[in-house]
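Whole structure, please, built from the sequences with the hints as guidance.
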Amino acid sequence: MSLPLTIENLTVHYQKKPALWGVDLKLEAGQIVGIIGPNGAGKSTLIKAVMDLLPLSSGVIKVFDKSFSKNRKRIGYMPQRESIDWDFPVNVFDVVLMGRYGHLKWFQRPRSEDIEKTWSCIEKVKLTPFANRQISNLSGGQQQRVFLARALAQESDLYLMDEPFAAIDSATETATIELFRELKEQGKTIIVVHHDLATARRYFDSLLLLNKQVVAFGPTQEVFTGDRLQQTYGGKLTILEDQSIAASAEPSIG
Amino acid sequence: MSELLSWWAVAPWQTGQGGYFWALLMGFLVTASCGLVGNYLLVRRLSLMGDTISHSILPGLVLAFLWTGRRTSWVMFVGAVIAALVTVFLVDLIQKGSRIKQDAAMSVVFTVLFALGVLLVSIFAHQVDLDQDCVLYGEIAFVPLETLISVGGVSIGPPSVVRMGIVFLFTLVSVVLFNKELLLSSFDPGLSTSSGYSAQKIHLGLMAMVAIIVVSAFESVGAILVVAMLIFPGATASLITDRLNYIHVLTIIQSALSTLGGMYLALWLDTSIAASMVVVSMCLFALVWFFNPSYGLISTLVNRGVSKDKTLETE
Numbered sequence: 001m002s003l004p005l006t007i008e009n010l011t012v013h014y015q016k017k018p019a020l021w022g023v024d025l026k027l028e029a030g031q032i033v034g035i036i037g038p039n040g041a042g043k044s045t046l047i048k049a050v051m052d053l054l055p056l057s058s059g060v061i062k063v064f065d066k067s068f069s070k071n072r073k074r075i076g077y078m079p080q081r082e083s084i085d086w087d088f089p090v091n092v093f094d095v096v097l098m099g100r101y102g103h104l105k106w107f108q109r110p111r112s113e114d115i116e117k118t119w120s121c122i123e124k125v126k127l128t129p130f131a132n133r134q135i136s137n138l139s140g141g142q143q144q145r146v147f148l149a150r151a152l153a154q155e156s157d158l159y160l161m162d163e164p165f166a167a168i169d170s171a172t173e174t175a176t177i178e179l180f181r182e183l184k185e186q187g188k189t190i191i192v193v194h195h196d197l198a199t200a201r202r203y204f205d206s207l208l209l210l211n212k213q214v215v216a217f218g219p220t221q222e223v224f225t226g227d228r229l230q231q232t233y234g235g236k237l238t239i240l241e242d243q244s245i246a247a248s249a250e251p252s253i254g
Numbered sequence: 001m002s003e004l005l006s007w008w009a010v011a012p013w014q015t016g017q018g019g020y021f022w023a024l025l026m027g028f029l030v031t032a033s034c035g036l037v038g039n040y041l042l043v044r045r046l047s048l049m050g051d052t053i054s055h056s057i058l059p060g061l062v063l064a065f066l067w068t069g070r071r072t073s074w075v076m077f078v079g080a081v082i083a084a085l086v087t088v089f090l091v092d093l094i095q096k097g098s099r100i101k102q103d104a105a106m107s108v109v110f111t112v113l114f115a116l117g118v119l120l121v122s123i124f125a126h127q128v129d130l131d132q133d134c135v136l137y138g139e140i141a142f143v144p145l146e147t148l149i150s151v152g153g154v155s156i157g158p159p160s161v162v163r164m165g166i167v168f169l170f171t172l173v174s175v176v177l178f179n180k181e182l183l184l185s186s187f188d189p190g191l192s193t194s195s196g197y198s199a200q201k202i203h204l205g206l207m208a209m210v211a212i213i214v215v216s217a218f219e220s221v222g223a224i225l226v227v228a229m230l231i232f233p234g235a236t237a238s239l240i241t242d243r244l245n246y247i248h249v250l251t252i253i254q255s256a257l258s259t260l261g262g263m264y265l266a267l268w269l270d271t272s273i274a275a276s277m278v279v280v281s282m283c284l285f286a287l288v289w290f291f292n293p294s295y296g297l298i299s300t301l302v303n304r305g306v307s308k309d310k311t312l313e314t315e
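Residue numbers (the working numbering), protein chains in the order written: chain C, 1 to 254; chain A, 1 to 315.
One or more hints might be untrue.
Straight-line C-alpha distance at most 25 Å; calculated PhoX-like pairs for lysine-lysine [unchecked claim]:
hint : chain 1 : residue 1 : chain 2 : residue 2
1    : A       : Lys96     : C       : Lys16
2    : C       : Lys184    : C       : Lys70
3    : A       : Lys201    : C       : Lys212
4    : C       : Lys212    : C       : Lys26
5    : C       : Lys73     : C       : Lys212
6    : C       : Lys26     : C       : Lys73
7    : C       : Lys105    : C       : Lys66
8    : C       : Lys105    : C       : Lys70
9    : C       : Lys73     : A       : Lys96
10   : C       : Lys26     : C       : Lys124
11   : C       : Lys184    : C       : Lys66
12   : C       : Lys26     : C       : Lys184
13   : C       : Lys73     : C       : Lys124
14   : A       : Lys96     : C       : Lys17
15   : C       : Lys184    : C       : Lys126
16   : C       : Lys16     : C       : Lys212
17   : A       : Lys101    : C       : Lys66
18   : A       : Lys101    : C       : Lys70
19   : A       : Lys201    : A       : Lys101
20   : C       : Lys62     : C       : Lys124
21   : C       : Lys66     : C       : Lys26
22   : C       : Lys17     : A       : Lys101
23   : C       : Lys73     : C       : Lys62
24   : C       : Lys105    : A       : Lys201
25   : A       : Lys96     : A       : Lys201
26   : A       : Lys101    : C       : Lys16
27   : C       : Lys105    : C       : Lys73
Cβ-Cβ distance ranges computed for the label pairs, FRET-style [stated by the list, open to error]:
hint : chain 1 : residue 1 : chain 2 : residue 2 : range
28   : A       : Leu301    : C       : Asp87     : 12 to 22 Å
29   : C       : Gly234    : A       : Asn245    : 41 to 51 Å
30   : C       : Ala29     : A       : Lys201    : 24 to 34 Å
31   : A       : Ser107    : C       : Gly30     : 45 to 55 Å
32   : C       : Arg111    : A       : Tyr246    : 49 to 59 Å
33   : A       : Ala256    : C       : Pro18     : 49 to 59 Å
34   : A       : Ile82     : C       : Glu178    : 31 to 41 Å
35   : C       : Thr199    : A       : Cys283    : 20 to 30 Å
36   : A       : Leu204    : C       : Ser139    : 32 to 42 Å
Hint data in this document are derived by calculation from the structure and do not stem from the laboratory. Being a predicted model, the structure only gives us computed values, none of them experimental. All residues carry an ideal CB built from backbone N, CA and C; glycine is no exception.
In structure tokens, the structure reads:
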């Protein structure tokens with residue numbers, strides 16, 4: 001079976017500054033993978049590189065053994081919250097329908113199956129009563145679910161989620177991780193850029209520790225260690241955070 | 001009373017060749033075309049791009065004119081579109097290749113290109129039939145004075161109106177045909193590109209469209225007022241609705257209202273039609289802004305008191 005994502009010797013530069021260096025990665029299907037690292041570690045850059053949105057300085061990225069452009073329908077995407085213009089004149093339905101565009105051709109109108117799929121994805125994230133709302137008139141958690149529904153509407157096999165857990169309430173966070181696990185059960189692969197070390201251990205099957213280079217990649221139990229994290233964050237982890245790591249690490253030791 | 005009625009309903013349609021009908025139609029075609037494409041500038045937060053393109057196409061126009069020697073030539077279109085694409089390219093280059101941000105990059109590029117255009121006009125003044133007032137302000141009132149184009153013996157209208165009509169249809173068809181692509185690439189360029197609709201190509205296409213519309217609108221409204229035609233209809237409409245396609249529909253209505261209102265204002269004050277249209281647009285905008293029930297200034301002020309209590313309750 002083909003791997004959802006393989007990256008060989010990937011290097012990306014922004015102007016002259018390197019953002020990613022010699023990244024190698026082989027990802028198995030059917031898991032939830034967390035990408036963790038400090039600000040400016042190249043987490044979002046990695047996502048964009050996989051989505052063919054950036055020029056690569058070197059390296060090869062394959063999605064299910066093919067180049068991205070040949071397999072775009074199999075990749076779903078959820079952007080970072082900050083990159084969205086919430087005042088844009090679109091409502092919830094419009095945004096979720098956008099997830100179907102990848103299945104359409106130029107000039108092609110959404111078909112009735114696309115409309116149906118859109119409604120079922122809106123239903124899935126429990127936003128049906130809000131379908132006609134402009135997206136700024138929603139709570140943070142609801143806004144988050146709009147983009148989750150859009151990603152679902154893409155019906156992909158590999159999902160790239162850029163900080164889906166940023167600035168949301170705990171109920172939405174729980175619902176989101178449940179949804180990810182459901183997708184995983186269906187054999188899909190979910191890559192999540194994540195910030196919160198305290199929850200990282202519980203959420204992810206594998207972790208990629210990134211700081212411009214791959215510090216470590218593997219099953220969460222093996223990778224999520226104090227030493228590795230200090231190495232990733234360049235010793236900038238405060239003692240407080242260190243304690244939260246220890247706290248979240250403890251239960252599994254026993 | 002009958003005097004007022006004749007001024008209101010009869011006079012505008014009698015004077016001159018075909019009366020004000022052609023000027024009115026021209027005003028509507030210009031505003032509606034600008035408004036439709038301007039809606040995308042608005043939602044992409046590129047309003048300044050309208051300004052930028054409308055000024056920086058000047059050297060393209062002049063060079064194309066000097067090359068062909070004719071003002072109505074399609075070469076002028078091509079010259080303007082090339083100048084617009086060069087502008088977009090230069091803005092992009094400065095923005096990505098230096099620490100200058102997009103707004104500053106646009107300001108730098110358009111003023112330099114416009115200055116270049118002004119130099120060209122004044123150097124070749126004896127050859128160029130482009131007068132600087134016309135470039136800046138335009139004049140719709142000249143439209144009825146043009147000789148009508150006729151096809152197979154049937155006269156269809158003044159050449160500038162026919163041309164603008166074609167441009168309007170082209171704009172309308174593009175907005176309908178590329179509706180989904182324009183929406184997605186404006187809202188989420190990343191998803192657009194990764195879904196197979198290159199955001200960059202759509203952006204360039206849109207800018208070329210802006211250039212074509214602006215250069216066609218040039219003679220009527222000039223380089224400065226055209227910016228109002230690009231932004232006002234959409235800005236007014238987006239106070240009323242929050243779906244892009246409804247904004248498009250309201251843009252067409254706003255265009256008709258501001259053209260008609262502008263015409264009467266110009267007639268009443270005996271002044272520039274284009275400038276009057278902008279003043280009427282501003283009045284429409286102000287009316288909608290004050291009195292709109294959902295996003296209006298008055299309802300916002302009234303609701304502010306109410307929602308304060310509500311937030312307290314929910315927290």
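Evaluated hints:
1. Lys96(A) with Lys16(C): holds (12 Å)
2. Lys184(C) with Lys70(C): holds (23 Å)
3. Lys201(A) with Lys212(C): violated (30 Å)
4. Lys212(C) with Lys26(C): holds (17 Å)
5. Lys73(C) with Lys212(C): Violated, at about 28 Å.
6. Lys26(C) with Lys73(C): holds (20 Å)
7. Lys105(C) with Lys66(C): Measuring from Cα to Cα gives roughly 20 Å; hence the hint holds.
8. Lys105(C) with Lys70(C): Holds, because 14 Å separates the two Cα atoms, which is no more than 25 Å.
9. Lys73(C) with Lys96(A): Given pair lysine 73(C), lysine 96(A) is violated - Cα atoms ~30 Å apart, limit 25 Å.
10. Lys26(C) with Lys124(C): Violated. Lysine 26(C) to lysine 124(C) sits at ~31 Å, over the 25 Å cutoff.
11. Lys184(C) with Lys66(C): holds (22 Å)
12. Lys26(C) with Lys184(C): holds (17 Å)
13. Lys73(C) with Lys124(C): holds (21 Å)
14. Lys96(A) with Lys17(C): holds (13 Å)
15. Lys184(C) with Lys126(C): holds (20 Å)
16. Lys16(C) with Lys212(C): Holds: lysine 16(C) and lysine 212(C) sit about 14 Å apart, inside 25 Å.
17. Lys101(A) with Lys66(C): With Cα atoms ~37 Å apart, lysine 101(A) and lysine 66(C) exceed 25 Å; violated.
18. Lys101(A) with Lys70(C): violated (35 Å)
19. Lys201(A) with Lys101(A): holds (22 Å)
20. Lys62(C) with Lys124(C): violated (31 Å)
21. Lys66(C) with Lys26(C): Answer holds: lysine 66(C) to lysine 26(C) is near 14 Å, not above 25 Å.
22. Lys17(C) with Lys101(A): Within the cut-off at roughly 19 Å; holds.
23. Lys73(C) with Lys62(C): Holds. Lysine 73(C) to lysine 62(C) sits at ~14 Å (cutoff 25 Å).
24. Lys105(C) with Lys201(A): holds (15 Å)
25. Lys96(A) with Lys201(A): holds (17 Å)
26. Lys101(A) with Lys16(C): Answer holds: lysine 101(A) to lysine 16(C) is near 18 Å, not above 25 Å.
27. Lys105(C) with Lys73(C): Between lysine 105(C) and lysine 73(C) the Cα gap is close to 12 Å, so the pair holds against 25 Å.
28. Leu301(A) with Asp87(C): 12 to 22 Å: Taking Cβ atoms as reference, leucine 301(A) and aspartate 87(C) lie about 20 Å apart, which means the hint holds.
29. Gly234(C) with Asn245(A): 41 to 51 Å: holds (49 Å)
30. Ala29(C) with Lys201(A): 24 to 34 Å: holds (33 Å)
31. Ser107(A) with Gly30(C): 45 to 55 Å: Taking Cβ atoms as reference, serine 107(A) and glycine 30(C) lie about 52 Å apart, which means the hint holds.
32. Arg111(C) with Tyr246(A): 49 to 59 Å: Roughly 23 Å apart at Cβ, these two residues miss the hinted range, so it is violated.
33. Ala256(A) with Pro18(C): 49 to 59 Å: holds (56 Å)
34. Ile82(A) with Glu178(C): 31 to 41 Å: violated (55 Å)
35. Thr199(C) with Cys283(A): 20 to 30 Å: For cysteine 283(A) against threonine 199(C), whose Cβ atoms are near 55 Å apart, the range 20 to 30 Å is violated.
36. Leu204(A) with Ser139(C): 32 to 42 Å: holds (38 Å)
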